[in-house]
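**Q** Residue numbers (our numbering), protein chains in the order written: chain A, 12 to 322; chain B, 12 to 322.
Just so you know, these hints were derived from the structure itself, not from any lab.
Since this is a predicted model, take the numbers as computed values, not measurements.
Note that CB positions come from ideal geometry on N, CA and C, so glycine has one too.
A partial selection of chain B residues facing chain A, derived with a Cβ cut-off under 8 Å:
1) 170
2) 172
3) 173
4) 174
5) 184
6) 186
7) 190
8) 254
9) 257
10) 261
11) 266
12) 267
13) 270
14) 297
15) 298
16) 299
Label pairs and their computed distance ranges (CB to CB):
17) A:295 to B:97: 24 to 32 Å
18) A:302 to B:110: 20 to 28 Å
19) B:241 to A:246: 48 to 56 Å
20) A:295 to B:115: 32 to 40 Å
21) A:194 to B:60: 53 to 61 Å
22) B:166 to A:122: 29 to 37 Å
23) B:115 to A:80: 51 to 59 Å
24) B:246 to A:309: 49 to 57 Å
25) B:119 to A:294: 39 to 47 Å
26) A:29 to B:166: 34 to 42 Å
27) A:284 to B:167: 35 to 43 Å
28) A:243 to B:309: 55 to 63 Å
29) B:48 to A:246: 54 to 62 Å
30) A:310 to B:116: 50 to 58 Å
2 protein chains.
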Amino acid sequence: MEALGDEVVVGVDLGGTKIFAGLVDAAGRVAGETYVAHGAGSDGAAGETAYERLVGVIRELAAAAGAQGRRVRGAGVGAPGVTRADGTVISAPALGWRELPLAARLQVDLGLPVRVDNDVNAIGLGEHRFGAGQGTRSLFVMAVGTGIGGAVIVDGRLHRGRHDAAGEVGALLPGLEFLSWQNRDWGALESVASGSGIAARARKLADAHGIPVPREGFRAEDVFLAAADGAPWARAVFDETIEYLALAVANVQALLDPDRIVLAGGVGRAADRVIPAIERRLAGVLPFPPDLVASALGYRAGVLGAAALVS
Amino acid sequence: MEALGDEVVVGVDLGGTKIFAGLVDAAGRVAGETYVAHGAGSDGAAGETAYERLVGVIRELAAAAGAQGRRVRGAGVGAPGVTRADGTVISAPALGWRELPLAARLQVDLGLPVRVDNDVNAIGLGEHRFGAGQGTRSLFVMAVGTGIGGAVIVDGRLHRGRHDAAGEVGALLPGLEFLSWQNRDWGALESVASGSGIAARARKLADAHGIPVPREGFRAEDVFLAAADGAPWARAVFDETIEYLALAVANVQALLDPDRIVLAGGVGRAADRVIPAIERRLAGVLPFPPDLVASALGYRAGVLGAAALVS
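My request is simple: use the sequences and hints to build the entire structure.
**A** The following block contains the structure:
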C-alpha cells in the first residue's frame with residue numbers, strides 16, 4: 012500500500028459484471044485496489060451473489076486498513092442504476108435489483124456508515140472533490156460510455172432532482188425527430204451518441220456500403236481508431252458523434268451555465284480528439300463558450316466518486 | 012390601497028419602454044400599482060431618463076407607504092438584460108445600459124436597500140415565493156414572450172451560473188441544424204419559438220401560400236387566434252411551436268428533473284391551449300413526465316418577482 016492518511020473510506024465502483032474498490036483518504040490517494048468479477052445476471056439469485064461479493068470486498072479492505080491502524084470512516088458505493096438519496100437502489104437491471112435498500116442493508120451487515128448513490132452521481136462528486144471539477148461551485152459531469160449519464164453539482168452539492176434523475180443528459184432530445192422517442196430504457200441522445208449508439212450507427216453505415224465489420228465485439232473505440240486511420244465511413248460516424256455531443260454540451264451550457272463541464276466515461280477517454288472537435292463545432296454558436304475539460308480521474312473515477320459520497 | 016402588512020417592499024418591473032411597480036408585502040399582496048412609460052432608446056441620454064423615472068417611481072411608492080406608517084424594507088428591480096449578482100446591469104440594449112451598477116446607484120440615490128436582477132430571474136423567484144412554484148425545492152421557470160428566457164432555482168435559491176446566464180432556455184439548440192447558429196442577440200430556440208419567432212415563421216408560411224397578413228403589428232397572438240379559428244396555415248405554425256416548446260420542456264426535464272416547470276410570459280398566457288398540447292406531445296417520450304404548470308402571477312409576475320429579490 013502507498014502512504015495514506017490516518018482516516019480512509021472504502022470506495023466501491025460496482026458495475027454490472029465487476030467490482031472495483033479501494034481505500035481512499037481525504038486527499039484522494041488510493042491504496043489496496045481490488046478488482047473482482049461477480050456473477051450477476053438479471054435474476055435475483057445472481058444479484059445476491061453480487062451483494063455477497065460486495066460485502067466481502069468491503070470487509071477485506073476495511074480489515075486491511077484496520078490492521079495498519081487506520082480509521083475507516085465508512086464505505087461509499089456507486090451503483091449502476093437509479094438510486095434514491097437514502098441509498099435505496101430503485102432499479103439496477105444489470106444486477107437484477109429493484110427497490111433494494113442497499114445502504115441500509117450494508118450498514119447492518121458491515122457495522123459501518125455506508126452511502127450509496129448512482130454511479131454517475133458518484134463520479135460527479137469525485138470529479139468535484141478530487142478531479143477536474145476541483146474549485147468549482149457548479150459543475151456538470153457528462154459520462155459517455157456504453158450509455159450516457161450525467162451529474163449536476165450546484166453550490167458544491169449534488170442536485171438530485173424530483174425523481175433522482177437530474178443530469179440525465181442521455182435522455183436529451185437532440186432534435187424534433189426524437190419527439191417520437193418512446194424507449195424508456197435507452198435515452199434519445201444515448202441511442203446515437205453513446206458507445207453502443209456509435210457502434211450501431213457505424214455498423215449501419217458500414218453495411219450500407221458493403222464494408223465488413225465484426226458482428227460481435229465491434230465498439231465505438233474501433234470506429235474512432237478507423238476514423239483516425241482515415242476511413243471515410245468511420246470519419247463520417249465520428250463527425251456525426253461530435254455533432255450530437257456538441258449539441259448536448261451546448262444545451263447543458265445554455266440551461267446551467269456551469270463553471271465547468273467534465274467529459275468522463277469510455278468515450279470521454281478519447282478526450283484529446285473529442286474535446287477539440289466539440290470546441291471547433293461550437294465556436295461562435297453560444298453567447299458563452301463552455302469550459303469543457305476531460306475527466307482527471309480516469310479509470311479510478313468510480314472508486315474516488317464512491318469515496319466522495321462519504322463526506 | 013388594499014390592506015397590506017406592516018412591512019413592504021417596492022417591486023419594480025423595468026421594461027424596455029415602461030415601468031410597472033407596486034408595494035408588495037410578505038404575503039405577496041400588492042398595492043399602489045403604478046404604470047408609467049419612460050423615454051428609453053438605445054442612446055445613453057434616453058437611458059438616463061429611464062433611470063430618473065425609475066428613481067421617481069420608487070420614491071413615490073416609498074413615500075406613500077411611509078405616510079401609512081408602513082416600513083419599507085427596500086426595493087427590488089427586475090431589469091431587461093444580463094445582470095450580475097451584485098446588481099450591476101452588464102447589458103440592457105433596450106435601455107442603452109452597459110456595465111451600469113444599478114443597485115449601488117439606486118441605493119445611494121434612494122437611501123434604501125436595493126436589489127437588482129435580470130427580469131426573468133426575478134420572475135423565477137416570484138413564482139417560487141408567491142406563485143406556481145410555492146413549496147418546491149427545485150423549479151424551472153420558462154418565460155416565453157417576445158423573447159425566451161428562463162430561471163433555475165435549486166434548493167430554493169437562484170442558480171445564476173458562471174456568466175450569470177443559467178436558465179437561458181432561449182439559447183437551446185433544438186436540433187443539429189442549429190449548430191451553425193451564430194447570432195449572439197437571438198437564441199436558436201428563441202428564433203423559432205418566441206413570440207417574434209412564431210410571428211416570423213407564420214409570415215413566411217403565409218407569404219408562401221399567398222395568404223395576406225399585416226406587415227406591421229402581426230403577432231404570435233394573432234397566429235394563435237387564427238389557429239383556434241381553424242386556419243390551416245396558423246394551425247401548422249401553432250403545431251410546430253408546440254414541437255419546439257415540447258422539446259425545450261423535455262430537455263429541461265432531462266437535465267434538471269425539477270420539482271416543477273412553470274410556463275410564463277406572453278405565450279405562457281395561452282397556457283390553457285399550450286400546456287395540454289405540450290403534454291400530449293411528450294406522452295411516453297421521457298422516463299419521468301414533467302410537472303408543467305402555468306404562471307400563477309400573470310401580469311404581476313415582474314412586480315412580485317422584483318419584490319422577491321429583497322429577502
